[in-house]
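Asker: The lines below spell out each chain.
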Amino acid sequence: MNILELRKKAVQLRKRTWELIYNHKNGHTGSDLSCTDILVALYYNVLNQTPETVGTLEADTYIQSKGHAVEIWYEVLADKGYIDRDDLEKGYSTFNSPYIGHPTTDVKGMEFHTGSLGHGLGLGVGVALAAKMNSLKKHTYVLMGDGEQAEGSIWEAAMAASNYNLDNLTAIIDHNDLQITGTTDSVMRSNPISNKYEAFGWNVIEVDGNDLAALIHVLTSENNTGKPRLIVANTVKGKGITVAENRADWHHKVPSQEEFEEGIRELDAQMEALNHE
Amino acid sequence: MSNTDEKLTANAAIAQVLDEGTKLDPNLLVITCDSRGSAGLVQFTNAHPDRTVEMGIAEQNAVTVAAGLAHGGKHPFVFSPASFLAMRSIEQVKVDVAFNKTNVKLVGISGGNSYTWLGNTHHSLNDVAITRAIPDLEVYQPCDKYQVKALFKYLINSNKPAYIRIGKRKLDNVYHEDFNFVPGKATMIKEGKDVCLISTGETLFFTLQAAKKLESDGISAAVVDLGSIKPLDTEMISRLAQEFDNIITVEEHDVINGIGSAVASIAAQYAHAKVNILGFPDKPAIQGTQDEVLAYYGLDSEGIANSVKKVLSK
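Read top to bottom, the protein sequences are chains A and B. Okay, so the first sequence: first residue is 1 according to UniProt numbering, each after it adds one. Okay, so the second sequence: first residue is 1 according to UniProt numbering, each after it adds one.
Misleading hints may appear alongside valid ones.
Counterexamples of contact, computed for chain A against chain B with all Cβ distances above 10 Å [as the list claims (entries may be wrong)]: (1) L4; (2) E89; (3) I100; (4) S116; (5) V127; (6) A128; (7) A131; (8) N134; (9) T242; (10) E245; (11) E277.
Calculated pairs, BS3-like style, for lysine-lysine (alpha carbon to alpha carbon, straight line, at most 27 Å) [what the hints assert, rightly or not]: (12) K132/A <-> K101/B; (13) K108/A <-> K160/B; (14) K283/B <-> K309/B.
Hint data in this document are derived by calculation from the structure and do not stem from the laboratory. Just so we're clear, the structure is a prediction, and the values are computed from it rather than from any experiment. C-beta atoms are modelled at their ideal positions from N, C-alpha and C, and glycine is treated no differently.
Using the sequences and the hints, build the whole thing.
Answerer: And the structure:
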């Protein structure tokens, strides 16, 4: 897809996610909207993976360590044909449905259970190390949150990724500076995060994580450093819907009817503007 | 040539099987946490550097990375002291290994009280309790080199996650070369009619010794090996709970939620056999050599025999 098409796709998926959360009164709204552009970049232009190949040794692996931002991932998987969108939109947060509030392997496209924070990077290290041992060209991508950086297990994994020179591993931090209680700096300061990963031996690149052109440029560039790569994607929590933007309390807030309708108007206006670009 | 009756530690027996396993399984890996020495794997790791992944002193990450490696087609055996692997890493075991059904084998070395003077931080007296509570995780505790070898041959061929607890001592031989390991099957090692003793791992041999002592006192004790803790041989335990008035379990583990609890939960359905659980009490363990400590808690052959007599005289 070209960048304009990707930007439209992001608006469309934000709208579906907003509707899914509103209709079922459950979801991590701010987190979903924050990382929407990252998932769009990965799934539509970067990942070497299809519904038929996902989970095979050769296909790229995507691990969403910040499992709570699952609603946008469901909508991406539905749009890409991994899962049935009707099943998702009827079943989400209903009895005995696979479409619940955190990722599980019951959903096609999700290769690991995540949601307990701090596990994704270590899983990525294992998958990337196995690919090296098997002499496979596959690449492994791990999306983490910035609040999640307080988990000690991440730093064990960061050390191991560097120790094994996993240049076939790309970690992305959805760096919106907010977590459920407030700013990451007020809860547990992880900034300056880039310096920490550099000190751990990573190739660190900062990017505007809500700019699809910038994301595509970074994600499709070669990592020739021999080191694991970290993309610090500076994002806005709740991106795209004014009432939810930059608000910690929207971490898993469900919109009221009024907020929902206003959000739809905003997203429709964004799509209309893109249609004229 | 080695004497076939030679006593071996579980570590040594495992290293032999894994060494043979490298020829059968191109994906077999050993994951160590700065623990290759304690695990008796130095010779293996020197011989097979391409089959070894060192994770450093980071047990949580070792389990998570092993789950990732398994997803990538590898068959990792993670070795770490049982006290760390089963407790510090337990969330990684639950989520990354069990929920994801990754083919990871977790080998808790130096289990029970086998680290002796290293103290309570290093002892592992709750590992069976916590691992057997995790869905889809198999739990084994082998008692001699023949069972270790047969168990690990099964594990190399199995694609299910499992936790295996072993100790440090040179194991007395209970079985023979032809021992065939079947998961979910308990083994009646000695027939008896007055009382049924059930044990696992290193205390099984002491239980057998106790049963022999009891013969001279006119007490006929059956001895059952519960090397497969999960899956559990509910069929045999159900039968024993109806045949015997008294079952006594023996384990190098806290009395809470070890094999005693597993047996009692089945026996309770029949309201017939009384189940007495011999193990470590629910408090920090006393310090000493393994033999001293086991004797203190009545888990050596003499202590087990005395407990049996006390139960039967009630």
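Asker: Name the hints, by number, that the structure is in violation of.
Answerer: 4, 5, 6, 7 and 8
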